[in-house]
Amino acid sequence: MSHDHSIDPKNMPKDPSKATTEGKYKFMGLWIFLGGETVLFACLFGTYLALKDSAAGGPTTQELYGMGLVFLMTILLLTSSLTSVYAIYHMKNNDFKKMQLWMGITALLGIGFLACEIYEFAHYIHEFGFTFRSSAFGSAFYTLVGFHGGHVVFGLSWIIALMVRNSKRGLNLYNAPKYNTFALYWHFIDVVWVFIFTVVYLMGMVS
Amino acid sequence: MPDKMSTRKINSYQKQKNKQEMQKMVVSFALMIFFTIVAFALVILEVPSTYVIPLLLILAFVQVGFQFFYFMHLKDKGHEVPSQIIYGGVFVTFLVALTFTAITWW
Amino acid sequence: MSMTSAQKSGFGATLWDWLTTVDHKKIGILYLAGGGFFFLLGGLEAVIIRIQLISPENNFISAGLYNEMITMHGTTMIFLAAMPILLGLMNFIMPLQIGARDVAFPFLNSLGFWLFLFGGLLLNLSWFTGAPDAGWTNYAPLSIQSPGHGIDFYVMGLQLSGAGTLMGGINFIVTIVLMRAPGMTYMRMPLFTWTTFVASILILFAFPALTVGLFLMMFDRMFGSAFFDAALGGNAVIWQHLFWIFGHPEVYILILPVFGVFSEVFPTFAKKRLFGYTAMVFATFLIAFLGFMVWAHHMFTVGLGPVANSIFAVATMAIAVPTGIKIFNWLFTLWGGSIKINSAMLWSLAFIPSFTIGGMTGVMLASAVADYQYHDTYFVIGHFHYVIVGGTVFGILAGLHYWWPKMFGRYLNEVLGQISFWTFFIGFHLTFFIQHFLGLMGMPRRYWVFLENQGLDTGNLISSIGAFFMSFGVIVFLINIIYTTIKGKKAPGDAWGSGRTLEWTISSPPVHYNFKQLPLVRGLDPLWIEKMEGNEKMTPAEPVDEIHMPNGSILPFIMTIGFTIASYGFIYQTGNKYWLIAVFAGMAIALICMLIRSLKDDHGHHISKEELERVGD
Numbered sequence: 001m002s003h004d005h006s007i008d009p010k011n012m013p014k015d016p017s018k019a020t021t022e023g024k025y026k027f028m029g030l031w032i033f034l035g036g037e038t039v040l041f042a043c044l045f046g047t048y049l050a051l052k053d054s055a056a057g058g059p060t061t062q063e064l065y066g067m068g069l070v071f072l073m074t075i076l077l078l079t080s081s082l083t084s085v086y087a088i089y090h091m092k093n094n095d096f097k098k099m100q101l102w103m104g105i106t107a108l109l110g111i112g113f114l115a116c117e118i119y120e121f122a123h124y125i126h127e128f129g130f131t132f133r134s135s136a137f138g139s140a141f142y143t144l145v146g147f148h149g150g151h152v153v154f155g156l157s158w159i160i161a162l163m164v165r166n167s168k169r170g171l172n173l174y175n176a177p178k179y180n181t182f183a184l185y186w187h188f189i190d191v192v193w194v195f196i197f198t199v200v201y202l203m204g205m206v207s
Numbered sequence: 208m209p210d211k212m213s214t215r216k217i218n219s220y221q222k223q224k225n226k227q228e229m230q231k232m233v234v235s236f237a238l239m240i241f242f243t244i245v246a247f248a249l250v251i252l253e254v255p256s257t258y259v260i261p262l263l264l265i266l267a268f269v270q271v272g273f274q275f276f277y278f279m280h281l282k283d284k285g286h287e288v289p290s291q292i293i294y295g296g297v298f299v300t301f302l303v304a305l306t307f308t309a310i311t312w313w
Numbered sequence: 314m315s316m317t318s319a320q321k322s323g324f325g326a327t328l329w330d331w332l333t334t335v336d337h338k339k340i341g342i343l344y345l346a347g348g349g350f351f352f353l354l355g356g357l358e359a360v361i362i363r364i365q366l367i368s369p370e371n372n373f374i375s376a377g378l379y380n381e382m383i384t385m386h387g388t389t390m391i392f393l394a395a396m397p398i399l400l401g402l403m404n405f406i407m408p409l410q411i412g413a414r415d416v417a418f419p420f421l422n423s424l425g426f427w428l429f430l431f432g433g434l435l436l437n438l439s440w441f442t443g444a445p446d447a448g449w450t451n452y453a454p455l456s457i458q459s460p461g462h463g464i465d466f467y468v469m470g471l472q473l474s475g476a477g478t479l480m481g482g483i484n485f486i487v488t489i490v491l492m493r494a495p496g497m498t499y500m501r502m503p504l505f506t507w508t509t510f511v512a513s514i515l516i517l518f519a520f521p522a523l524t525v526g527l528f529l530m531m532f533d534r535m536f537g538s539a540f541f542d543a544a545l546g547g548n549a550v551i552w553q554h555l556f557w558i559f560g561h562p563e564v565y566i567l568i569l570p571v572f573g574v575f576s577e578v579f580p581t582f583a584k585k586r587l588f589g590y591t592a593m594v595f596a597t598f599l600i601a602f603l604g605f606m607v608w609a610h611h612m613f614t615v616g617l618g619p620v621a622n623s624i625f626a627v628a629t630m631a632i633a634v635p636t637g638i639k640i641f642n643w644l645f646t647l648w649g650g651s652i653k654i655n656s657a658m659l660w661s662l663a664f665i666p667s668f669t670i671g672g673m674t675g676v677m678l679a680s681a682v683a684d685y686q687y688h689d690t691y692f693v694i695g696h697f698h699y700v701i702v703g704g705t706v707f708g709i710l711a712g713l714h715y716w717w718p719k720m721f722g723r724y725l726n727e728v729l730g731q732i733s734f735w736t737f738f739i740g741f742h743l744t745f746f747i748q749h750f751l752g753l754m755g756m757p758r759r760y761w762v763f764l765e766n767q768g769l770d771t772g773n774l775i776s777s778i779g780a781f782f783m784s785f786g787v788i789v790f791l792i793n794i795i796y797t798t799i800k801g802k803k804a805p806g807d808a809w810g811s812g813r814t815l816e817w818t819i820s821s822p823p824v825h826y827n828f829k830q831l832p833l834v835r836g837l838d839p840l841w842i843e844k845m846e847g848n849e850k851m852t853p854a855e856p857v858d859e860i861h862m863p864n865g866s867i868l869p870f871i872m873t874i875g876f877t878i879a880s881y882g883f884i885y886q887t888g889n890k891y892w893l894i895a896v897f898a899g900m901a902i903a904l905i906c907m908l909i910r911s912l913k914d915d916h917g918h919h920i921s922k923e924e925l926e927r928v929g930d
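As they're listed, the protein sequences go chains G, X and H. Mapping to the working numbering: the first sequence position 138 is 138, numbers consecutive. Just add 207 to wherever you are in the second sequence, counting from 1, and you've got the working numbering. Just add 313 to wherever you are in the third sequence, counting from 1, and you've got the working numbering.
If you are wondering where the hints come from, they were derived from the structure by calculation, not from laboratory data. Bear in mind the structure is a predicted one, so any value in this text is a computation, not a measurement. All C-beta atoms in this analysis are idealised placements derived from N, C-alpha and C, irrespective of residue type, glycine included. Treat the hints with care, since some could be wrong.
[To be verified] Stretch by stretch, here's where chain X covers chain H in the computed footprint (C-beta under 8 Å, at least three residues):
{"no.": "1", "segment": "507-520"}
{"no.": "2", "segment": "617-623"}
{"no.": "3", "segment": "659-670"}
[Said to hold, decoys possible] Over the 12 Å line for every Cβ pair with chain G, so calculated as not near, a few chain H residues:
{"no.": "4", "residue": "G482"}
{"no.": "5", "residue": "L529"}
{"no.": "6", "residue": "F532"}
{"no.": "7", "residue": "G537"}
{"no.": "8", "residue": "G675"}
{"no.": "9", "residue": "V824"}
{"no.": "10", "residue": "S911"}
{"no.": "11", "residue": "L912"}
{"no.": "12", "residue": "G917"}
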């Protein structure tokens, strides 16, 4: 067994993120974790579905949601999913600089998404008086969308820490799995968002 | 460390394959954006809710399928266990969604 | 190198070794010790309940304290005793059975243990200021109305230990999928490994529902949200659904691993291969699958409607089929075997009738119409103690007697083992059999007192006497542990002489890297196959080479301390905002630990070939 995790470009593994046993474990572990996350979000969605009409005299879904901002947020997050695919593409080609660049773009798009979400929440609170405590609908909305936002924050901290840590070291078989698991996690955040914009926003705007 | 090499040195066959795969990814991305636009358009055009809700859900599922099978490579070899686990999660999600829409009695 | 630290003497070095260990065997022992401690605590609470109910209108404890006692008894026994003890057995035994040197994520394994332990300790700290008192199911709106911080401790304590369990589940799945020894295909895995695998999948899908439920409860109680507040449109039934979507798979998480234990014990002591291995595997999956679709049978009287009740009733009754398959397979395994009776075997044999009684009352309860009569009576108490004590606890004790020589290198004493078995077994039936009839006569559960001359006096007295018998059995078992540790008979690798699986191919207790050379597995029951062909030991699948092992770390422990401080802050910030400092400080500690873990490279260490050769086998 080799103690050395550096990549030999002449003998480049097909997927550097799965070339070591630790890499394989991380890959599998993250997927299994996502299985659990699916149920976590399922329960949050369920709670939202049960409470979405319990506005307790406050603003209802139709009064609250606006099309433009949600569309912008969706495009930002979907694009960030593609940019992370580009990053992994460059990882497989052993091009560390481009990988970092595309991961950086991914993070920027994520930050943009987060900024929109913060603006959206502030807007609801100040314009509509719609808060976490104002009705069961409010509690359910902020919990579901907030849990997703929390996942975005965690993902951003994760990728920024990874990029800073490895900026001088380049790609090797030890850190490649870390980038790859991040990318999977980030796609999953996007999956959850697809259901949020469909079930929460779009279905909430349909009468 | 010897790993700061240029991409030119890696196997050109493999590079070609990576490129082909990336092209597929871009196509699926374009489709995802397209589905998103369709979904928003359905709501803007005020299609009656009996049709629009199932349509929106179908579009979401297809889009998520692209995300899972292409972006996350769930269709590839070596993803048997992950896909079973995700199917399990989807099954539970289905049960939970049904519960909270149909039998959360009050 | 950290591997030698175990040999260093001195209390400090030993303590440091246990705090930083990532060895699955040591973590298994820690789980057993932690779970054992909470089992005694939960048992003490049970005895206090039974003393209160020994006679009509008794005044042993106050009504409020009684509520706290029943809540803590249930919560402790399920989350802090039964689950961790099972996780301990899985941790120790499963990697040995599949021929692995550790689990896939040793660091996470250690973190999971410490989270469980501190979650449990946090929950029990509530005794000093008022324990949770809304029952172990913690139904809203009762739990929302409950004054004081008791319920807050319940929420934060279970959140911590639940997170630990989830980590354990993910870890076991990855371990079983990726770390099996050469030749160990899925259908060659021992049944205990199979049930560990399936129980882990259940953990993965069930615990997030609890996580969400606890978060909602936390937000309602501590941050003024309105999930369960009817005045603002909230809905208390959401809690019931979330709790039981978790809670019902949870009972299968508790029972499936012990099904695995029995499937190891019976073939070993009947010297016969397990009857219907394939059927056993599929029955396990079927139970898990059906187990996910029956949670609403806890909610028949909520008013879900006749259609929903019927569906859940039918699904519940269907579970009796795969369970029946298992019971018959165990009986056929025994049929015609050359049976050796010892403590492990006694617990396993006693399980079959006891659990079957619990299963039959389960089918009775599954009938939605009849359930309106049984609901919230002692009949239900009788039923679930028959499956949880008669199933899980018997199974744990069978497993402990069976694997004790493997884990500690010494046999548990047989005489003491049989004394504790018979007293516990008789006490168990005395305590709980009569409770079915008390329930049918109309005695409701969770009542502090009952009235005189209503036909309940003798039954309750008998039940309480049974509880003392059970306590005596547990005390004898504790004495057995102490006696064995000091004077127990030493065990060889194949401690029972008729071991069939890989854990019996290595020394007792195993060396910390488990296998000097990974074994080559040639079929189901690999050791038995080699024995039948006259081989002394397994054929190695690799030459002796250096072994890569993970490094120990103190970070999981510190991280857990951080989370515990934060939880304490969350509980008390409702009264005084200065407690938010504890929240931020605790979270900061935990996050810094995560950052260190992420940024500091940890490649593990290698055990050299020379050292392996010096140690011998």
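- Item | Least C-beta distance from L529(H) to chain G larger than 12 Å | Answer for L529(H): violated, closest chain G Cβ roughly 7 Å.
- Message: For G537(H), is the shortest CB-to-CB distance to chain G above 12 Å, so the non-interface label stands?
- Response: It is violated; G537(H) is separated from chain G by about 5 Å at its closest Cβ, not greater than 12 Å.
- Item | Within 8 Å of chain X's CB atoms, at least three CB atoms from the segment 507-520 of chain H: coverage verdict | holds (count 3)
- Can we trust that F532(H) is non-interface, i.e. its beta-carbon lies farther than 12 Å from all of chain G? The assertion about F532(H) is violated, with a minimum of 7 Å to chain G.
- For S911(H), is the shortest beta carbon distance to chain G beyond 12 Å? About 6 Å separates S911(H) from the closest Cβ of chain G, which leaves it inside 12 Å; violated.
- Does the claim that G675(H) lies off the interface hold, with its Cβ farther than 12 Å from every Cβ of chain G? Consistent with the label, G675(H) stays out of reach of chain G, its closest Cβ about 25 Å off (over 12 Å).
- Task: Would you check whether the claim that G482(H) is not at the interface survives, using Cβ distances to chain G and the 12 Å cut-off?
- Result: G482(H) not clear of chain G: closest Cβ-Cβ about 8 Å, inside 12 Å.
- Task: Verify that the Cβ of V824(H) lies farther than 12 Å from every Cβ atom of chain G, and report whether the claim holds or is violated.
- Result: The assertion about V824(H) holds, with a minimum of 19 Å to chain G.
- Message: Just to make sure I understand the rule, a stretch counts as covered if three or more of its residues have a C-beta closer than 8 Å to a C-beta of the chain. Does the segment 617-623 of chain H meet that for chain X?
- Response: holds (count 3)
- Task: Just double-check G917(H) for me: nearest Cβ-Cβ distance to chain G has to come out over 12 Å.
- Result: 9 Å, violated
- Item | Non-interface claim for L912(H), where every Cβ of chain G lies beyond 12 Å | Its Cβ does come within 12 Å of chain G, the nearest being 5 Å, so this is violated.
- Query: Are there at least three residues in the segment 659-670 of chain H whose beta carbon sits under 8 Å from a beta carbon of chain X?
  - Reply: Not satisfied, violated; 0 residues make the cut.
Checked against the numbered hints given earlier, the structure breaks hints 3, 4, 5, 6, 7, 10, 11 and 12 and satisfies all the rest.
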